[in-house]
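**Student:** Chain by chain, the residues:
There are 2 protein chains.
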Amino acid sequence: MSEAPQTAKVVFQPSGRRGTFPIGTPLLDAARSLGVYVESVCGGRGICGRCQVQVSEGAFAKEALTSSAEHLGDESEAEARYRSLRNMRADRRLSCQAKILGDLVVDVPTDAQTNRQVVRKRAEAKAITPKSSISLVTVTLAEPDMETPRGDADRLREAVRDKIGRDQLSNDFITIDPFLLPEIQKLLRQGKWCVTAAVHHDGDAPASIVALWPGEKTTVYGLAVDIGSTTIAAHLCDLATGRTVSSAGTSNPQIRFGEDLMSRVSYVQMNPARLPDLTRTVREAINALIGKLAADVGAERTDILDAAFVGNPVMHHLFLGIDPVELGGAPFALAVSDALHLKGRDLDLEMNPGAQIYMLPCIAGHVGADAAAATLAEAPGSSDEITLLVDVGTNAEIVLGNRERLLAASSPTGPAFEGAEISSGQRAAPGAIERIRIDRNTLEPRYKVIGLDEWSDEEGFAGKIDQVGVTGICGSGIIEAVAEMFLCGLITEDGVIDGATAARTPRIVATGRTFSYSIATDGIEIAIQQTDIRAIQLAKAALYAGVKLLQDKLGTNRIDRIRLAGAFGSYIDPSYAMVLGLIPDCPLDGVSGVGNAAGTGARMALLNSDHRREVEKTVRDIEKIETALEPKFQEHFVNAMALPNKVDPFEHLRAAMSLPERREPPGDSGTPRRRRRRQS
Amino acid sequence: MSEAPQTAKVVFQPSGRRGTFPIGTPLLDAARSLGVYVESVCGGRGICGRCQVQVSEGAFAKEALTSSAEHLGDESEAEARYRSLRNMRADRRLSCQAKILGDLVVDVPTDAQTNRQVVRKRAEAKAITPKSSISLVTVTLAEPDMETPRGDADRLREAVRDKIGRDQLSNDFITIDPFLLPEIQKLLRQGKWCVTAAVHHDGDAPASIVALWPGEKTTVYGLAVDIGSTTIAAHLCDLATGRTVSSAGTSNPQIRFGEDLMSRVSYVQMNPARLPDLTRTVREAINALIGKLAADVGAERTDILDAAFVGNPVMHHLFLGIDPVELGGAPFALAVSDALHLKGRDLDLEMNPGAQIYMLPCIAGHVGADAAAATLAEAPGSSDEITLLVDVGTNAEIVLGNRERLLAASSPTGPAFEGAEISSGQRAAPGAIERIRIDRNTLEPRYKVIGLDEWSDEEGFAGKIDQVGVTGICGSGIIEAVAEMFLCGLITEDGVIDGATAARTPRIVATGRTFSYSIATDGIEIAIQQTDIRAIQLAKAALYAGVKLLQDKLGTNRIDRIRLAGAFGSYIDPSYAMVLGLIPDCPLDGVSGVGNAAGTGARMALLNSDHRREVEKTVRDIEKIETALEPKFQEHFVNAMALPNKVDPFEHLRAAMSLPERREPPGDSGTPRRRRRRQS
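These protein sequence lines are chains A and B, in that order.
To convert, count from 1 in the first sequence and add 118; that's our numbering.
To convert, count from 1 in the second sequence and add 118; that's our numbering.
FYI, nobody ran anything at the bench for these hints, they're computed from the structure.
Be aware that a few hints might be false.
What the hints assert, rightly or not - When the alpha-carbon atoms are kept at most 25 Å apart in a straight line, the in silico SDA-like pairs for lysine to any residue are as follows:
hint, chain 1, residue 1, chain 2, residue 2
1, A, Lys735, B, Arg361
2, A, Lys735, B, Asp280
3, A, Lys735, B, Asn559
Claimed, not checked - Partial chain A-side listing against chain B, Cβ under 8 Å, derived:
hint, residue
4, Ala208
5, Asp209
6, Ala323
7, Leu438
8, Glu444
9, Gly447
10, Ala482
11, Gly483
12, Glu522
13, Leu525
14, Arg564
15, Ala746
16, Lys750
17, Gln752
18, Glu753
Note that beta-carbon positions come from the ideal geometry of N, C-alpha and C, so glycine has one too.
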């Protein structure tokens with residue numbers, strides 16, 4: 119071993135901020151220097167306990183560090199006193215007391231975050247015709263008599279079958295969930311021989327009684343959940359009316375094991391014994407959401423009888439307790455792709471013990487059940503128009519086609535669109551710049567920050583900005599910044615910041631051989647670096663090349679509609695996305711964000727079993743294109759590095775707004791290399 | 119409260135011996151005075167630890183006592199030392215140290231019993247054509263490729279389906295047990311894409327992959343279990359060949375909660391919170407048997423993929439965790455009667471986690487899955503001959519009929535046939551008199567004791583009897599004793615011990631207004647009391663009246679064959695049973711014991727799914743007669759109190775042996791009252 123290092127790396131989650139600090143730095147100071155908000159009201163004396171944090175242990179390949187709770191040193195006296203007095207959890211530390219002694223990944227628990235991430239998922243307004251696979255059947259049984267000594271459970275099964283009507287059942291048979299057997303006699307007698315059974319009947323499996331209440335019961339609920347890498351969104355729906363009665367979201371707590379999908383896969387690869395932790399963590403978060411949703415409407419957890427889940431393949435596998443490592447490398451083999459029928463209790467979900475779970479099918483190794491759900495919601499296959507459906511994330515999921523033919527692919531965009539790998543980037547949270555405009559003449563920026571209604575040049579902004587601070591730039595902000603810089607001539611079509619413009623504005627600053635554009639300098643410096651533009655170019659080129667490949671397969675350049683799904687899609691301005699060449703040319707009014715289409719698809723599958731058959735058929739029929747196998751990907755990718763594109767004319771866009779004249783690049787724009795899927 | 123009692127009642131299980139002792143009596147002394155064998159090699163100094171016992175707590179209605187661990191007082195110093203040194207279980211006490219301070223039910227754990235009950239259940243020789251609902255299918259999958267991104271689990275399901283042949287499946291669909299999902303990719307890669315799947319396919323439910331091994335696997339096992347109130351017998355069978363590879367039995371540890379069925383029901387009724395204990399206890403005993411059977415053949419627990427269970431309704435319900443109280447009173451409503459398909463893990467059984475459980479159907483509230491299994495094994499419904507199938511226990515289960523019509527009933531015989539409620543009675547265990555002959559002239563008895571080959575008048579008996587002692591008389595012994603006493607004129611046809619015979623032998627002794635016959639006086643006095651004969655008369659009359667009712671329903675007195683099932687049936691001499699009028703008249707060579715017919719039926723259902731459909735159909739079709747509802751029961755019962763019967767001629771019997779002349783009773787024979795089902 120060489121001598122002990124003098125500095126250590128620290129990554130704060132869920133914000134993802136990171137820095138290098140001298141050994142011995144108090145953790146709270148490190149957090150503050152990075153703009154990570156950790157509450158503290160006692161002045162760092164170890165009294166208030168608000169600054170609690172938790173170390174995520176293990177080897178983190180992406181960060182190239184091994185985090186250990188021991189790297190926070192021993193407890194101070196104050197900390198030990200607080201722990202014993204207030205019963206602080208064993209895995210928590212007070213960040214005002216703990217000192218950095220080695221590399222760390224530190225989770226700021228949700229309960230300690232006041233400037234927590236904005237969970238931008240809500241139930242879209244779409245109305246869904248209910249046809250639940252759960253039905254409530256109230257029956258009254260005759261009292262048992264000795265002449266016909268049949269089990270109460272069997273008489274119940276038959277009464278329920280007769281009430282439903284044998285012709286409504288796929289076979290003349292109805293089963294009963296074994297966990298109910300010890301309850302049946304009690305419930306029948308409690309209800310004076312009248313009980314309500316929840317009957318599950320979906321597809322080919324025999325119908326089954328999965329829950330039972332004495333007397334009459336009229337309302338039961340179902341849950342539609344979209345497990346995103348960053349956020350989990352859940353909707354509680356009345357299974358009879360189809361109405362969404364409550365929605366809630368939360369950060370995906372797995373973030374402390376890795377910010378993006380592939381870092382989590384690599385975390386499991388390097389710390390295989392920790393797989394159950396990732397699974398437990400996400401299930402606990404969902405259980406907390408279930409509790410909240412039920413409380414919202416005054417329901418019991420046991421009133422929840424059904425659930426539909428969507429998520430990308432890695433989230434899907436981790437939720438099921440499946441090791442996702444195969445998804446981390448070619449051939450990206452899914453452990454399971456078809457739709458699954460499970461029981462809530464198999465997944466430790468705190469709902470009715472008889473609750474059913476429907477996992478929507480995954481399309482391919484990088485095109486998950488979330489993409490399948492979005493496809494169900496947007497139904498590109500039911501129209502003659504050619505629709506492009508894009509869900510932008512670490513991997514963009516792309517579906518293209520119409521009634522005749524549907525194609526799907528994913529493209530490795532990386533996390534740049536989510537503000538990661540961007541020097542001033544951060545996730546969408548209060549303090550993040552989400553919109554930006556640059557004056558064409560003065561080259562001065564004005565911007566809007568999440569958490570404040572006013573733009574930076576409007577009255578009131580200055581007085582309020584101290585509440586949240588300007589902490590970074592999020593995905594939609596970076597898109598607009600690059601597009602605006604291009605539109606006002608600060609960068610060329612090849613994405614190079616033009617050093618000549620430094621003569622026109624002091625905001626263009628030389629940094630080594632390249633230049634940067636400074637947006638804000640109060641507190642934390644926020645600037646767009648040449649490397650940031652490269653990261654955006656690489657991401658958008660990957661996405662665009664994927665779309666082009668699908669267009670090649672479909673044999674047409676025509677696109678009638680573009681649907682941008684996901685939180686990101688809802689917040690980016692379609693015209694800026696097109697200026698950037700992130701999406702292909704198309705009539706501008708044909709482009710729209712469709713919000714949480716995956717969540718909508720999950721609700722459809724929850725509420726109507728016909729939609730389950732529909733999404734299963736769509737996923738079976740859809741043509742899966744593996745972009746990595748296509749020889750033309752590289753050519754499309756290189757052309758797509760330019761703004762908006764080296765070869766594609768973007769006629770609709772040019773008709774709608776004036777783009778800068780095409781010029782020769784002022785220097786070496788670099789040869790973009792073929793990107794590989796992110797595997798750290 | 120009145121002043122503290124000076125004596126306390128103690129019941130030892132599993133022997134069922136009981137007595138009343140002065141407060142302060144050492145428990146070991148009490149055991150010895152009752153002939154309950156508790157090992158002790160250290161002379162009662164609390165050193166050897168062999169005399170460990172366990173208190174069964176709760177209210178015991180039948181014994182009219184409330185047992186508590188506190189009634190053994192505080193630990194002695196020696197006991198505390200032994201506990202800490204040897205890590206004695208918290209619920210165990212040393213009986214040499216513990217003193218009786220109050221009423222107690224004490225369990226002598228199996229590991230401490232040397233003269234434990236003889237478990238007389240073994241697999242009968244019957245060969246069974248195998249057609250298991252579990253099949254092993256070895257498939258080799260192509261490696262995953264990016265062009266067809268399908269989940270490994272789904273490709274496996276399809277390969278297995280294609281290998282079996284779609285036409286062999288009830289629908290074009292095969293599911294996979296969710297617990298396998300996290301294992302599939304590992305196992306496929308471990309087996310280099312070759313794996314063996316265990317496929318469960320039984321009845322209407324879709325076929326399902328329930329277990330998986332890398333590479334080839336050729337042998338898996340199934341378990342057939344007969345859960346009796348007294349003993350549990352289990353057989354391990356090769357599912358492919360149908361061969362029984364190992365058998366084992368154990369006492370049913372529930373005995374410490376009540377000796378017979380109805381005392382256990384009443385225990386649960388009075389101590390409802392203890393229901394899980396009864397369930398856990400029997401499952402643990404079965405898990406121990408599974409371990410033993412697997413070890414016998416060098417197999418793993420995970421090699422056991424299927425199991426069939428039979429038991430009377432109370433055992434059936436307790437095993438499933440169902441409160442049996444409804445079975446304790448009219449209308450004796452079963453919670454569930456139809457056959458059940460469950461998973462081993464639902465019942466905490468330690469087998470392969472994907473193992474299937476088949477519970478045979480129950481016929482009625484007192485005619486259980488054991489009777490259904492015996493009916494399957496003996497197939498009375500497949501012959502033109504009229505068969506009477508009787509399984510004698512606390513309730514005799516009776517099936518009568520032939521190809522055209524089958525009837526079933528139970529009769530409340532009570533536990534007299536098992537040696538309970540008999541003054542010198544005990545269960546079949548070493549030291550119990552199991553056979554007896556009385557000289558027609560001298561009226562001297564000679565007898566055979568379990569554990570010794572010699573009869574009491576043979577050479578060698580005297581030298582060996584000290585090893586086991588003569589401790590009581592078991593079920594087959596009491597039958598023979600009463601029959602012999604009748605045949606040699608010691609009792610009248612009305613069952614009264616004839617006091618006049620006291621002139622001929624000193625063994626007839628007046629005890630109050632009645633007489634008794636003394637069999638042995640060395641050590642414990644063993645005698646047949648008038649009350650013992652009454653108990654046998656009541657039991658046999660109940661059984662006979664039940665048979666008569668079924669004969670009435672069937673409209674014939676003809677019986678071609680009698681099959682006596684169960685341990686008891688194997689050990690009683692048919693001619694003595696007929697002399698007693700326990701079974702109806704029939705050609706003597708038509709009567710035979712069929713051993714553990716319920717166990718045979720369980721094996722048939724385990725090994726061949728056609729037999730499952732068969733037993734389900736039989737149970738559906740069989741006519742259930744509730745003897746309690748039949749007006750003629752009383753008349754048949756009164757007639758059956760006489761030996762062999764007041765009205766029935768017993769022509770076959772009289773042709774085979776000479777019965778005593780019919781005489782008038784010497785005194786009041788008592789009017790037998792209609793017996794109620796034993797419900798304490």
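**Student:** Each hint: holds or not?
**Tutor:** Here's how the hints hold up against the structure:
no.	hint	result
1	A/Lys735 x B/Arg361	violated (46 Å)
2	A/Lys735 x B/Asp280	holds (21 Å)
3	A/Lys735 x B/Asn559	violated (91 Å)
4	Ala208	violated (28 Å)
5	Asp209	violated (25 Å)
6	Ala323	holds (6 Å)
7	Leu438	holds (6 Å)
8	Glu444	holds (6 Å)
9	Gly447	violated (11 Å)
10	Ala482	holds (4 Å)
11	Gly483	holds (5 Å)
12	Glu522	violated (21 Å)
13	Leu525	violated (13 Å)
14	Arg564	violated (46 Å)
15	Ala746	holds (7 Å)
16	Lys750	violated (16 Å)
17	Gln752	violated (17 Å)
18	Glu753	violated (20 Å)
Checked against the numbered hints given earlier, this structure breaks hints 1, 3, 4, 5, 9, 12, 13, 14, 16, 17 and 18; the rest are met.
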